[in-house]
Amino acid sequence: MKLDYLHSSHFLITTKFESSLTASHSKVEFDFLVRGQFLRMPLSAHMDTEAISTEDVVEIEYVEKITAPEPEECMMHDDWIKKSKPDQILTGSYDKTARIWSVDGKAVMTVAGHLDVVKDATWVKRDGLTSLLLTASLDQTVLLWEWNSERNKVKARHCCRGHTGSVDTVSTDPTGSKFCSGSWDKMLKIWSAVPTDEADEVEEAADRPRKKQKTQQLSLTRTPLMTLSGHNEAVSSVLWSDAEEVCSASWDHTIRVWDVEAGAMKTTLTGSKVFNCISYSPLCRRLASGSTDRHIRLWDPRTKDGALVLLSLTSHTGWVTAVKWAPTHEHQLVSGSLDNLVKLWDTRSCKAPLYDLAAHEDKVFCVDWTESGLMLSGGADNKLYSYKYSPCRTDAGA
Amino acid sequence: MRWSVSGSSTRVQSFVRNAGTFPPLTTTPPPTPPVYSMLTTLFNINNKATEKDDDDLSDSEDSQFSGLEDSGSDSEDEESDVEEKSSDDVEEDDGSNDDQDKQRQQTKVKNNKNKKGATEGKQEKKGDEYEHDTSDEEDIRNTVGNIPMEWYKDFPHIGYDLDGKKIFKPIRNKDELDEFLDKMENPDYWRTVHDKQTGRDIVLSDEQVDLVNRLQRGQFGDINFNEYQPTVEFFSSDVMIHPVTNRPADKRSFIPSLIEKEKVSKLVHAIKMGWIKPRRVQADSKERYYDLWANEDSSILAKHRMHLPAPKLRLPGHEESYNPPPEYLFTEEEKALWEQQDPEDRKLPFIPKKFSSLRQVPAYSRFIHEKFERCLDLYLCPRQRKMRVNVNPEDLIPKLPKPKDLQPFPTTQSLVYRGHSGLVRSVSVSPSGQWLASGSDDGSVRFWEVCSSRCMKIVQVGGAVKSVAWNPNPALCLLAVAVDSTVLILSPSLGDKLVISSSERLLAGSQEENPSEGPQPVVWSETEGEELKEGIHLKIQHPKAVHQVTWHAKGDYLASVMPDHSSHLQVFIHQLSRRRSQNPFRKNKGLVQCVAFHPIRPFFFVATQRYVRIYNLVKQEMAKKLQANSKWISNIAVHPGGDHVICGSYDCKLSWFDLDLSTKPYKVLRHHKKAVRSVAFHKGYPLFASASDDGTVIVCHGTVYNDLLQNPLIVPVKVLRGHVITHDLGVLDVTFHPTQPWIFSSGADATIRLFT
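Protein chains in written order, with full-length UniProt numbering: chain A, 1 to 398; chain B, 1 to 756.
There may be inaccurate statements among the hints.
Taking CB as the label site, the calculated pair distances span [unchecked claim]:
1) 616(B) / 361(A): 33 to 41 Å
2) 362(A) / 724(B): 16 to 24 Å
3) 371(A) / 600(B): 40 to 48 Å
4) 371(A) / 728(B): 53 to 61 Å
5) 41(A) / 724(B): 37 to 45 Å
6) 362(A) / 728(B): 28 to 36 Å
7) 41(A) / 600(B): 34 to 42 Å
8) 126(A) / 724(B): 27 to 35 Å
9) 523(B) / 151(A): 37 to 45 Å
Every beta carbon over 12 Å from chain A, so not counted as near; a handful from chain B, in silico [stated by the list, open to error]:
10) 280
11) 289
12) 372
13) 454
14) 565
With a straight-line cut-off of 30 Å between C-alpha atoms, the simulated DSS-like cross-links for lysine-lysine are [as the list claims (entries may be wrong)]:
15) 497(B) / 186(A)
16) 273(A) / 457(B)
17) 457(B) / 186(A)
18) 96(A) / 457(B)
19) 625(B) / 96(A)
20) 402(B) / 351(A)
21) 533(B) / 273(A)
22) 383(A) / 457(B)
23) 404(B) / 273(A)
24) 399(B) / 166(B)
25) 96(A) / 533(B)
26) 155(A) / 497(B)
27) 683(B) / 186(A)
28) 674(B) / 625(B)
29) 351(A) / 667(B)
The hints are simulated quantities; they were obtained by calculation from the structure and are not laboratory data. Glycine included, each C-beta is placed from N, C-alpha and C at the ideal position.
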């Protein structure tokens, strides 16, 4: 539904729209995009700021207005929620456990086994009744769990040892056969996510304390397939951007793209501040990063020089601790910050977010989307909020 | 007087002849004045004359111009008188004659000299007269003509009268004696002149004498003649009706001159032919007027660098005009203002005025004054550039780079670590930068996760925590805590399991090496039970309250400070691995405030109230003594390079010492309003910070160069606010994150804040 009009007759456009509105839809609001930018102010002011000449032919798109997300469920956790993973919501918490929630907000299962704070948790695979999930913890291990939803039992299959610092982030590859973990010890490790019944041979030091031995008994020890070293500071976030490609964000102000097959670094994107989180959207092939200087930046990971920031979204007033692309929409992303706010962004309107979700009373640590279109956020106020989000019925009017 | 005939006969005869018609002289002489009578006798040549004389006796006007002749005849007459007297003495005396005679004699006596000169003058005059005078005078009796009378010297007569008869000389037999006598006796002698023509003596009348005197004075003879009578201007400015001459103008005056025409045509021809060159007009190469200072700034003056050209007068503008445009004229307010102002402040030295014409313009009253000032300006002013340095005050401020260019440095508050209930005296960051330890007055030590501000652990130590220090060795995970008079060694059990276990083994392992030789001031003891479970592994009991603990960079040595005025036991250095303590100082050098280890070399910094002493631990001697120039040092920090020390003091100052430069502060920063409590260096970034009781943390950029000649660059970059001042205390401790440009500050408001 592209409409090309002489801009000087924009009054005509609006009237036309109005007529069409009244004719077809009774109660639909629209957002207008002028040259790919959301119209958020009076048209003349917008033209001034975007330097659009009144003599030009401009392309105006309109989309159905994205409705405000509504807070739907509030899930009370026992402690600060550090990580949440979607659909059959999985959360990791500072109370050293991970939990599985149903979408409607009921705690289904508590996954306890870590000796320290659970820093990250993710689903690996769900087929049928059994699901595989991963939890990363401050106790320097990543645990691979198997959850049988029918019997509602969870069993630690593997304990992945090898990191010498707290494991802050894990991410599974698209096929679910491997996962990558990033740790405070500056390392990235690639592990196999396939559960086996054999423990990997670990060269045990003789003087290992007894405590360790106990945790070993809980599950089979697994050793990393590969270690990727190169970061100078703690790795804060990893993700698989492709089948054999891992992106990692670190406190050393870089985002590195690794070739997992070769085990080598491909690209370095250098920022100026500590990166807290990254997210990759396969729809628009962009990386979004949240950093301590309150900006969300969008990167193209395939650029070779790697210093190119495509766009920066600035509205947060604290560290951006979590950022996540929408799984179904190529322009939308959600971000959480230490300023207690969750913001829904559209990259076409980079000056201001679409919505501020001010549900949290304390720091927001994680945000995510469910496949069913719920937005989730967890924070230091021990609450997991989910927001109902209705994607546009006429998805992207263009 | 008697005309006697008894004298020489010739004379009598001649007399008779001369005056044939006269009545006899002897009978009745006419009552006439003697001169007149004499004249009558002289003029009695013809009857007519005598008759005439008789007619108008008093009228002698007509004889005035011939006075000389009269006098001549008079003198002749006198001579005859004298002759007569000398000849016959007895004579009848007429009263009048006698009187006259007496008069004559007196005057003669008086003026005989005069007479002589006069006669000589007469003679000369006579001579002159005869030279050019004609002989047409009326009274000329002698017709001999204009000849020298000497020619008649030898004759008895002298010339001829009109009738052709001889005029006889008077009988002259007067000698010198007679002359003298005459001179003595004759009163008229002085007015007696000798007439050469007739040879007689003539007595001059009063009028004649007067005339002579007037002439001698160079005056006009005629008394009535006004020599100064007004002139009648002939050519005057008045336009006359009639021309001066009535002559018609000459024809040549209005007809072109043929001669001139001819001359001109000749000249023209000559010019045409080139024989005459027209006179070249002299080029005005030499300007009559020139600007004295026009070429002043040329090459001549170039060598006088300091020369200033003379100030030029401003050219007159419209306001100087006698008829200026109306906007130049002063309004009443402007005029009032002008009059109020001091002459120096006035914009114009005069008030512009309007005149209807230039003629109305009066003389400028300040003209002389202004010219004088101008002269002063030109001559008295030293026309030299002054060597005054014109410095813009802003230029004196050292050129500091903008803070924007010195990034990164902490700018905004990012996280607040809440949980303590008392003021937080000390914070310390783990060497990895993941954990933060804080000690508070509420008797607890808390461990925080830096990135999330989560409190991971609380250890109750049972007393106000004065100082916490994380072991800088990354292979160890230990925390030293100063509580009251004990120093606790804590194992926080955070981070790498291997590190935790190794550090715990270190604490547990060396217990057998406890030397128990005599009473030690410091007692090491191991903890058990509950305390051990909390992580407290060792207690080092001190004799007094410990205020500060600090680690050596290697993590084996630990220094503790017990400020005490009276004791030399103020500083202890503990060795963790051997559980040994020693007091390095034997003498009390003052109240120790703070100690620090050199990050690389075996130096030890001890800050007392006013000095920072640097000891070489190997040689066991003092290496340097820094003067802080402040009253009370609060805290010191050593640059990770080891060559620079910053030193905060309670009198709001922060001093930067360059150890290679001087023992005096290289720079003193006075940015805080209240006491500086804590100072800190960043391990990696060129940053340092100071925390103060005014609730602010000031972050400064401090680049240290390897080049010894280049001074450190110190730029204050940011004031961080956030802490609330409670009980007059603001920020108590400040420390940097080991790897990021972040700063932690702990304050009296029981919070710890992270600025990034």
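Results for each hint:
| no. | hint | result |
| --- | --- | --- |
| 1 | 616(B) / 361(A): 33 to 41 Å | violated, 56 Å |
| 2 | 362(A) / 724(B): 16 to 24 Å | holds, 20 Å |
| 3 | 371(A) / 600(B): 40 to 48 Å | violated, 57 Å |
| 4 | 371(A) / 728(B): 53 to 61 Å | holds, 58 Å |
| 5 | 41(A) / 724(B): 37 to 45 Å | holds, 39 Å |
| 6 | 362(A) / 728(B): 28 to 36 Å | holds, 31 Å |
| 7 | 41(A) / 600(B): 34 to 42 Å | violated, 59 Å |
| 8 | 126(A) / 724(B): 27 to 35 Å | violated, 50 Å |
| 9 | 523(B) / 151(A): 37 to 45 Å | violated, 60 Å |
| 10 | 280 | holds, 76 Å |
| 11 | 289 | holds, 65 Å |
| 12 | 372 | holds, 66 Å |
| 13 | 454 | violated, 6 Å |
| 14 | 565 | holds, 46 Å |
| 15 | 497(B) / 186(A) | holds, 16 Å |
| 16 | 273(A) / 457(B) | holds, 28 Å |
| 17 | 457(B) / 186(A) | holds, 24 Å |
| 18 | 96(A) / 457(B) | holds, 14 Å |
| 19 | 625(B) / 96(A) | violated, 53 Å |
| 20 | 402(B) / 351(A) | holds, 28 Å |
| 21 | 533(B) / 273(A) | violated, 39 Å |
| 22 | 383(A) / 457(B) | holds, 22 Å |
| 23 | 404(B) / 273(A) | holds, 15 Å |
| 24 | 399(B) / 166(B) | violated, 143 Å |
| 25 | 96(A) / 533(B) | holds, 20 Å |
| 26 | 155(A) / 497(B) | holds, 24 Å |
| 27 | 683(B) / 186(A) | holds, 19 Å |
| 28 | 674(B) / 625(B) | holds, 26 Å |
| 29 | 351(A) / 667(B) | violated, 44 Å |
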